[in-house]
Amino acid sequence: MNGWILAATVVLAGGGAAVLWGVTSGPMSRRVVAQNLATSVACPALLLLAQGYDRPAYVDLALLMALLGPIGTLVFARLLAVDLAGDRPRAGRESPACRANDGNFASGPAAWGPTWAAAALGAGVVVAVCVATGPGRAMVKLLVTGALLIGGNVIASRALSGGFEGVRGG
Amino acid sequence: MADAVIVVALLLVAGSATAAVAVRDPARQALVLSVLGVALAVLFTVLQAPDVGLSQLAVGSALTPLLIMLAVRKVRRCGRTGDETR
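Top to bottom, those sequences are chains V and F. Here the first sequence stands for residues 1 to 170, numbered as in this note's numbering. Here the second sequence stands for residues 1 to 86, numbered as in this note's numbering.
Derived by calculation from the structure, the hints in this document are not laboratory data. The structure displayed is predicted, hence computed values, not measured ones. Positions of the beta carbon are idealized from the N, C-alpha and C atoms, including for glycine. A couple of the hints might just be wrong.
[Said to hold, decoys possible] The following label-pair restraints were derived from C-beta to C-beta distances: (1) F:Ala58 / V:Asp54: 19 to 29 Å; (2) F:Ala49 / V:Ala117: 26 to 36 Å; (3) V:Ala81 / F:Asp3: 39 to 49 Å; (4) F:Leu47 / V:Ala17: 12 to 22 Å; (5) V:Ser25 / F:Leu67: 21 to 31 Å; (6) F:Ala14 / V:Gly113: 43 to 53 Å; (7) V:Ala81 / F:Gly79: 13 to 23 Å.
Model the full structure from these sequences, guided by the hints.
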């Protein structure tokens, strides 16, 4: 067992426990956030496992997860829009001024602290694996995975906190 | 010691599967089921079967929850219109 697999184990254990706790308890908004956290924890873990097993082909799994995870969260954000809107404090959403300066994000269901923490985890793992891989096509693939992971994470978080007013309802 | 990651993945699968059974609301079950799909994909990867994990990821994390949510929404909508016409 090398350090990469040990790091993957730690990420899986810590993130998995948090995801299980979040997805089985609390209001609907918290459950959707926990489901999003599942993909943003599993993707760095898969990258670490690919490096730990020394099989670059395993990066495909992380790439697919970074692509499909935010899609799954957006599916939930759209189909559960009524339940999520019920959980959200409505005062910030009614006034255009608050919507303009993103003032309602801090009180929304997807608080931005955990979002950036998960994004920082993904970025740190991608940078570490990139350094271990060295320049080349594999590094480009890793960078694409990291960009998809962080971009999808931010988009999903924004959708969950009501950032896209136009697509509400369904 | 080398099997620690397998044990962790197995525990995650067992925990999320138990939670998927224990949660009663279908919409929340779909959320837990999505987490179960991701955990299963990680388990297959850890057991050196990444091809199975790849298909499990595509089916389990996006497609199955989408089908369940669409079915739940259809049932709710039909129930609502049925109440109105009655």
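Exercise. Hint numbers the structure violates, sorted upward?
Worked result: Of the numbered hints given earlier, the structure breaks just one, which is hint 6.
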